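Since the structure of chain A is already known, use the hints to place chain B on it.
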Amino acid sequence: MANVRTRSSDRRKSTSVERGSREPAAVGRTRKMLVIAQDPSICNSSGQPLTAEIEIPAEDLSPGPRGYRVHVVDYDASSGVLYRPAPFRDPKTGEPMVHPPDLESPDFHAQNVYALVMRTLARFEYALGRHVSWKIPGHQIKVVPHAFADANAFYSRRDEALVFGYFPGRKGMVFSCLSHDVIVHETCHALLDGLRERFVDPSSPDQAAFHEGFADVVALLSVFSMREIAKHMLTMERAGLPKMVKRGRIDTREMKVDSLESRVLFGLAEEMGQEMGGTRSQALRNSLGIQPRSDWRDDDQYQEPHRRGEILVSAMIRTFLRVWELRLADLASPDEEDYYVDLRRASEEAADAADYLLTMAIRAIDYCPPIHLTFEDYLTAMLTSDAEIHASDERFQYRKHLRDVFAEFGILPSACADPRSGLWPDWTKPMPAAARSLGPRLDPVELRYDSLRFESLQRDPDEVFRFVWNNLEALRLSRDAYTRIESLRPCLRLGPEDGVPLRETVAECLQWLKVRADELESRLRIKKPEGMPDSLEINLQGGITLIFDDFGRLKFGIANRIDDASAQTRRLQELWDHGYFSDGTQARRFAAMHRSRALGASAHAKEVW
Amino acid sequence: MATTRKPHRVTLRTYQVGFGDCFLLSFHYASAQSRHILIDFGSMKFPRGVKGPERYLEIAENIKKVSGGSLTAIVATHRHQDHIAGFASKEAAQVLASLNPKVVIQPWTEDPRAEMEAEEPTAVIQKRGSLRLALSAMQDFAESALAEVKRRGDRYPRSIRRAVEIIGEDNISNQKAVRKLVELGDQGKAAYVHFGSKTGLERQLPGVKVHVLGPPTLKQTDRIKKQVQDHATEFWPLQAAAARFHSGAKSKSKRQVLFPGFEVPAHRIPPELRWILPRLDHLRGDQLRELVTILDQQMNNTSVILLFEVGNRRLLFPGDAQIENWSYALEQSASNPKLAKLLSEVDVYKVGHHGSRNATPKTLWNQFAHRGKEDQPNRLRSVLSTLSGVHGHTQKGKVPSHSLHTALESDTALQSTQDLRKPSLFHEIDLPVN
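These protein sequences, in sequence, are chains A and B.
Using this note's numbering, you'd call the opening residue of the first sequence number 1 and step up by one each time.
Using this note's numbering, you'd call the opening residue of the second sequence number 1 and step up by one each time.
Hints are computed from structural coordinates only; laboratory data are not their basis.
For clarity, every value in this text was computed on a predicted model and none was experimentally measured.
Built from N, CA and C at the ideal position, the CB exists for glycine as well.
A couple of the hints might just be wrong.
Unchecked claim - Listed next, with one range per pair, are the computed distances between beta-carbon atoms:
1) B:Pro47 with A:Glu270: 55 to 61 Å
2) A:Arg420 with B:Asn336: 25 to 31 Å
3) B:Gln187 with A:Glu270: 47 to 53 Å
4) B:Ile269 with A:Asp258: 55 to 61 Å
5) A:Asp300 with B:Lys396: 25 to 31 Å
6) A:Asp258 with B:Lys396: 38 to 44 Å
7) B:Glu91 with A:Asn539: 56 to 62 Å
One chain only, chain A, in its complex shape (with noise of 0.2 Å):
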């Protein structure tokens, strides 16, 4: 990778980016900052890496570069050598200055990661309509470009660090901190920790693998959303596509979701991460080779976490190219006979298609349960924040083409969804008789709200707690139950298109409950499963996402709760047939997680002692 270094000379002729290393770079409320656009195995037609400009909130940089969220610290553990902090400032005129593409300057390394880092961040926070905390006690992230030599990155919340880690490939050094898509994977874990804490305790087969999926999914979108990225998937010689170009136009008959998939999407699986080689896992090649099929989890090799969110990853893909086909034909004008369209509308259109999935994913975080998460609750959650927002999906229909997509894997929206809509029912409306018999989620009765007050409802957790407290019953919690306010976050939201915008507070509740094995039938109509002591202590946990609009409603309640007698079987079963009982609740740990994965090995716990 060091032999494709970009040299000064090169430098000096590519006119934009060096412009820029010397000019004020902050402008308004962004800043612009040059990054690799996938990884240094994507080059361009002169055998460059491919790098894009991509804008990032403006903030006054300390060397390092150390902003208020994020702290690069150049560090090297394998070899005890710290490297000097990347300057930020031209140090002659203290202007703010970027760094050009040097594969082999760690300024420009320290650059690379610091931008996809701060770019995820204010993704999410876009997406969710307010600031996104780290799940750390400080609020820098220290991010680690050479952490050391070593194939693997990761993020360790004990450390509160995001470390990266390189080694001697095949063709020079590869470091990982300059991987598009691996920089974005482990920011996604560090933000999806600090939105959704109890992701990573052990629950349901489909929670154990919705970390690694999620983070995949974001990753996958977040490089498709690059416009560079999208323009050489449609003109490199895999594809086979510039056949198809006719002075810069392409034919979009030829651009079928087959074809996408088989040529342009494969193609860029083959390019990417190649020098990572089998130290990380290939999201993207994994996923695409599996075909949609509703018999999944019979198979044996879809109870392994990390190859059960290649199902997730493999939907959104598909979704993806399905809304792309769309965008594309919608483009063509087939009624003149001119099916050509653009290359560069073309290549847009992926990128806006992969920009808004990219929203909806990650979005649907606060439509989601507290805790026990499964693929059903996810796709309800990711269209009913959609349709909030947006309520047409005539258009472009991402909703119709993620629910027929999910559906051919077997994924349906939540049993507690509408049927009709697949939405989480809205509490506000007057419920559908149809529905209402469905569940106890579908059942809302009068809730109380006595001298609750809106403004406090937004900031303060006890105020949310007395909602809970008088609504107990009406929201169907444990009043047995250990109960806390997880969380506590008002939103604004901006429609992705009209701006509109909507206010929401979004509040996560838990609930603990401690029984012995013996009690669990009695108590809670929950079965022991075989084999368990009477006297084992188990931690029942439950949880409520409540939801207010504007006005101090609830809106949603999206529960799992400790009571719900089948959903604890079932789970309670997997939990003991995997041995987490006698190996103790551990949360997991991202490094071991990635590990396990690029080595595709297999949990054993029940054979362990």
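Below, chain B without anything else, positioned relative to chain A:
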């Protein structure tokens, strides 16, 4: 030399080698003839007061005496030091060579001809070759990890440093011992075995059937194929290359620098970073420990698993095999009543991997029909060769595992080398054969 067709007695000596394995399995025939098999000959750490070379020689001489100067076979279950280091001990190895072992059994992954025999079916050869490459890279990695601990270990918590040292040393290439085993194999007959293969003992041990239950070949099991071939063959060479990058530097003053000219001298590290750098060092120690643990387990999974069937007796020697190795045999036993019966009738169980928590799969344990309290007829006997305080850094990960040890004491007649008192050299089990 003619023997009557069936042994009437079988004895098993478990030698005191501390944290290691060394067993002498002897079949006694009516004509006063005996046949002897040495299963493993190594140690990671001897009990206090015992010196390695002396103990190896003492055992070799004992074997020479017991066997009357002739050894039927040597089994080296896998290439970890605690199973083969004794073969690198010059004097002991000379004694063993003088016993002219007729067969030397090792796992198929050790076959030195695998990469060269182009006439063999190429698919098999290529897979063997790539796996051998991975195994070699794993040993390279272990060496580099040890070098890194030597250089940087003072920055890691003591428990991490010690774990990396112990596991790393067990996994470094032990070329001297490996070469000796090849030589011994050349002297007699070398058998590189896999699930279901023959051992070459069929003629040497009349009246004894030897079943190879592991390791499976890459073709036999998707799980091993996935884990060890597809991934490990790419993963370990890159890990080894990464670790080697710094292992050339012998001292702190000659450390490898990625970006010369950009280093900050140690005395000028800014205050705002002084709390985070030790954390990153700790994290690196964690990484090394995790990596050497994984490679240790993968190496364990190349272990030969042998089940000896003699008259009404079944003796099981699984080396250090863990579930990934065992899974093929266990899957087969689900559809193969003969195999299931063999496993259920085991009389003597050599406890896998010195009693670690993950080398006696519960599926296997539950199949042992002779488990039971003291009044159980034909109660299962278990032999455990181990030493506490060497392996495992957490309460849960300690070897031997507390919960397994409790089960062994409760449901089997357990012989542990930890119960041997000086000057005893071995435990012995003597079983009549019907």
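- Task: Sort out which numbered hints this structure fails and list those numbers smallest first.
- Result: Those not satisfied are hints 2, 6.
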